[in-house]
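Number of protein chains: 2
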Amino acid sequence: MDQAIKSYGSQEVLSKLQNKDPLFLCVIASTLTSRLPGITGAGASPELTDYTPAADVELIIHGEPQCLPEIPQTLVEGQAAPTPAVITKASIELANIPFLVADAGSAIKPNIPYFNINNKVGKSILTGQAVENPEEIFNKGKILGETLSKFTNHLIIGESTPAGTTTALGVLSAMGYDAWDKVSGSTPENPHDLKRQTVEKGLQAAGLRDKIPTDPFKAVEAVGDPMIPAVAGITAGSKVQVTLAGGTQMTAVCAFLKEAIKDFSFDNVSIATTIFVARDENSDIHYITKQIAPINIFAVDPGFGKSENLGLKNYVKGVVKEGVGAGGAMLAANLKGVSVDKIRIRTEELCKEIF
Amino acid sequence: MDQAIKSYGSQEVLSKLQNKDPLFLCVIASTLTSRLPGITGAGASPELTDYTPAADVELIIHGEPQCLPEIPQTLVEGQAAPTPAVITKASIELANIPFLVADAGSAIKPNIPYFNINNKVGKSILTGQAVENPEEIFNKGKILGETLSKFTNHLIIGESTPAGTTTALGVLSAMGYDAWDKVSGSTPENPHDLKRQTVEKGLQAAGLRDKIPTDPFKAVEAVGDPMIPAVAGITAGSKVQVTLAGGTQMTAVCAFLKEAIKDFSFDNVSIATTIFVARDENSDIHYITKQIAPINIFAVDPGFGKSENLGLKNYVKGVVKEGVGAGGAMLAANLKGVSVDKIRIRTEELCKEIF
Numbered sequence: 001m002d003q004a005i006k007s008y009g010s011q012e013v014l015s016k017l018q019n020k021d022p023l024f025l026c027v028i029a030s031t032l033t034s035r036l037p038g039i040t041g042a043g044a045s046p047e048l049t050d051y052t053p054a055a056d057v058e059l060i061i062h063g064e065p066q067c068l069p070e071i072p073q074t075l076v077e078g079q080a081a082p083t084p085a086v087i088t089k090a091s092i093e094l095a096n097i098p099f100l101v102a103d104a105g106s107a108i109k110p111n112i113p114y115f116n117i118n119n120k121v122g123k124s125i126l127t128g129q130a131v132e133n134p135e136e137i138f139n140k141g142k143i144l145g146e147t148l149s150k151f152t153n154h155l156i157i158g159e160s161t162p163a164g165t166t167t168a169l170g171v172l173s174a175m176g177y178d179a180w181d182k183v184s185g186s187t188p189e190n191p192h193d194l195k196r197q198t199v200e201k202g203l204q205a206a207g208l209r210d211k212i213p214t215d216p217f218k219a220v221e222a223v224g225d226p227m228i229p230a231v232a233g234i235t236a237g238s239k240v241q242v243t244l245a246g247g248t249q250m251t252a253v254c255a256f257l258k259e260a261i262k263d264f265s266f267d268n269v270s271i272a273t274t275i276f277v278a279r280d281e282n283s284d285i286h287y288i289t290k291q292i293a294p295i296n297i298f299a300v301d302p303g304f305g306k307s308e309n310l311g312l313k314n315y316v317k318g319v320v321k322e323g324v325g326a327g328g329a330m331l332a333a334n335l336k337g338v339s340v341d342k343i344r345i346r347t348e349e350l351c352k353e354i355f
Numbered sequence: 001m002d003q004a005i006k007s008y009g010s011q012e013v014l015s016k017l018q019n020k021d022p023l024f025l026c027v028i029a030s031t032l033t034s035r036l037p038g039i040t041g042a043g044a045s046p047e048l049t050d051y052t053p054a055a056d057v058e059l060i061i062h063g064e065p066q067c068l069p070e071i072p073q074t075l076v077e078g079q080a081a082p083t084p085a086v087i088t089k090a091s092i093e094l095a096n097i098p099f100l101v102a103d104a105g106s107a108i109k110p111n112i113p114y115f116n117i118n119n120k121v122g123k124s125i126l127t128g129q130a131v132e133n134p135e136e137i138f139n140k141g142k143i144l145g146e147t148l149s150k151f152t153n154h155l156i157i158g159e160s161t162p163a164g165t166t167t168a169l170g171v172l173s174a175m176g177y178d179a180w181d182k183v184s185g186s187t188p189e190n191p192h193d194l195k196r197q198t199v200e201k202g203l204q205a206a207g208l209r210d211k212i213p214t215d216p217f218k219a220v221e222a223v224g225d226p227m228i229p230a231v232a233g234i235t236a237g238s239k240v241q242v243t244l245a246g247g248t249q250m251t252a253v254c255a256f257l258k259e260a261i262k263d264f265s266f267d268n269v270s271i272a273t274t275i276f277v278a279r280d281e282n283s284d285i286h287y288i289t290k291q292i293a294p295i296n297i298f299a300v301d302p303g304f305g306k307s308e309n310l311g312l313k314n315y316v317k318g319v320v321k322e323g324v325g326a327g328g329a330m331l332a333a334n335l336k337g338v339s340v341d342k343i344r345i346r347t348e349e350l351c352k353e354i355f
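Just so you know, the sequences run in chain order B and X.
Each step along the first sequence adds one to the number in the numbering used here, with nothing skipped, and position 82 is 82.
Each step along the second sequence adds one to the number in the numbering used here, with nothing skipped, and position 146 is 146.
Treat the hints as calculated values from the structure; they're not laboratory data.
There may be inaccurate statements among the hints.
Derived pair list, reagent style PhoX-like, types lysine-lysine, alpha-carbon separation capped at 25 Å [unchecked claim]:
#1 X:K150 x B:K16
#2 B:K306 x B:K6
#3 B:K109 x X:K120
#4 X:K120 x B:K336
Partial pick of chain B residues on the chain X-facing surface, computed with a CB cut under 7 Å [as the list claims (entries may be wrong)]:
#5 P98
#6 P113
#7 Y114
#8 N116
#9 I117
#10 V121
#11 K140
#12 K150
#13 F151
#14 I261
#15 F266
Since we're looking at a predicted model, the values are computed, not measured.
From the three backbone atoms N, C-alpha and C, an ideal C-beta is built for every residue, glycine too.
The following block holds chain B by itself, in its conformation from the complex (with noise of 0.2 Å):
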């Protein structure tokens, strides 16, 4: 294994994603919750995070956002980073592995082919009514997720989600986990208080605050985003291994699992995120993930501090962390014999070549 992978966990789970024809899902969604100023850096203005996601997988597949004239690029107290969304593609390209987009609702639909699986956009968690169809979403995504197994035997799930750890932590809190302060988050001073009060609002709006643990699609629909029963889904209906590529995002889609199906088992699911995740000092997924069952967790470490790229330096300093499932990329990629270096190499071309 290249160095700049670490596992969290069981080093069994690596040898069983050897040799394996991957495919990369990214899942798109939206709810208002991103509107909300200073909660989320993913998009130069709150307005703007409607746009983000189609930004990230138009950028992937065209080379360039086509649904709006700028590029995302998360921006904090004037310092800009580009979206993982380079990364990811950086990645993909080098290991030729096939990239396939689904829409769990998303506020703009990207100008390419994708997978419906849900067209509404969630409301903002404040309304303690964020997604109106929870069941319709997870079952859809089990249909998507049995297909895409006759397809790959390695099934990469990154998620583009604006304030995607605000929702997720309602959904762990909703469910009952202790998540208060340990979800990460795009900017370097992660609004953990800002993230508490709107899940709290959320849950009270919703009738839920006395009502803890709640059921999963429940906690979804009051507190959640339409990506967490999407992914949720697609993982349940997998026949083959799965890798959740994000950050702590991903433990709302475990916790969802866990508490959705009965036994059920994650010999066949891990996590791959980045080192600015893994090692985050202001969150903790390893404490969250714990909770919940022994699931293994990678992290890549693309080694943006050696980069003369100042948006991807950033990085380091803690702006964006990880999302469009860079982490997981790049860990299917080096899977492929790509190593690590030569993704950063290639990320620092793109953005270059995009920004």
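Model the placement of chain X on the given structure of chain B, informed by the hints.
Positioned in the frame of chain B, the structure of chain X alone reads:
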């Protein structure tokens, strides 16, 4: 080769299709042309033709249509025949062929995960403005075809588009092909006069009557349906063998490809249909195809004459004939070693279970 399969053209093509891992994609679309009374049998009433594409693919995935309480049947003078989706379902299930759906603009959306290529339903071709965005549909189709080539080495593309032979006639005529009285239809008494009048009014409304042959995109825009540029795009993007699974509608796709892409080669493209189309006395797929290129046509005889199911027996009388890629699905299953007799028996069983 099973004696139930007849090949019109080169025998070489069949050898190219041996030992493949096929993938079946069904493209669904609507135009309000199907609301014209008498123009199609693909629905119990003109209004219900809106539901036929979604119901067809739901039947394949869920075992029953979910978008409407009634099961799609073709009703002609009180005689019912089951949708050809049943043949497709029997074939792909017996041969374990993966099944995907792409929406090119269906009026009712199916309750399954499907590829979104285009959302917008086509208008009636009487308006002369049937399809708003054929280039966009074609371009998205190309991306999809390229992507799907990574998962298969034999892409079979079927369609469900009510009144699709009328829109095919429109596109063929606008591009200067002689197809009057030659397109097939889902009823024994093919309403050629109504189809011709409808197309002529559409060409008139579009101001194209004196501008034939016209550009393929303009032809679709005026008097076509969204399935045609979608399937043409997918075929153009494909890097692998393509079988266009359908009757005379697929000749419109071939003609579109010839006109839209300079020096387009049909070496890797065949048409597969049923014997009910290939030997139809009220239409002539061979006459149309010869104007385009020496395209190989496979025709499969499901042997419904022997069936005790009256609905299937009606196929022999010219009801339904083809649709949802039934001919191509049988061919693909047969290439994987499933006899056409076995497909017929399973189709009969499914009819008992479903209807």
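Verification of the hints:
no.: 1; hint: X:K150 x B:K16; result: 22 Å, holds
no.: 2; hint: B:K306 x B:K6; result: 18 Å, holds
no.: 3; hint: B:K109 x X:K120; result: 14 Å, holds
no.: 4; hint: X:K120 x B:K336; result: 40 Å, violated
no.: 5; hint: P98; result: 4 Å, holds
no.: 6; hint: P113; result: 4 Å, holds
no.: 7; hint: Y114; result: 6 Å, holds
no.: 8; hint: N116; result: 5 Å, holds
no.: 9; hint: I117; result: 5 Å, holds
no.: 10; hint: V121; result: 15 Å, violated
no.: 11; hint: K140; result: 5 Å, holds
no.: 12; hint: K150; result: 4 Å, holds
no.: 13; hint: F151; result: 4 Å, holds
no.: 14; hint: I261; result: 19 Å, violated
no.: 15; hint: F266; result: 24 Å, violated
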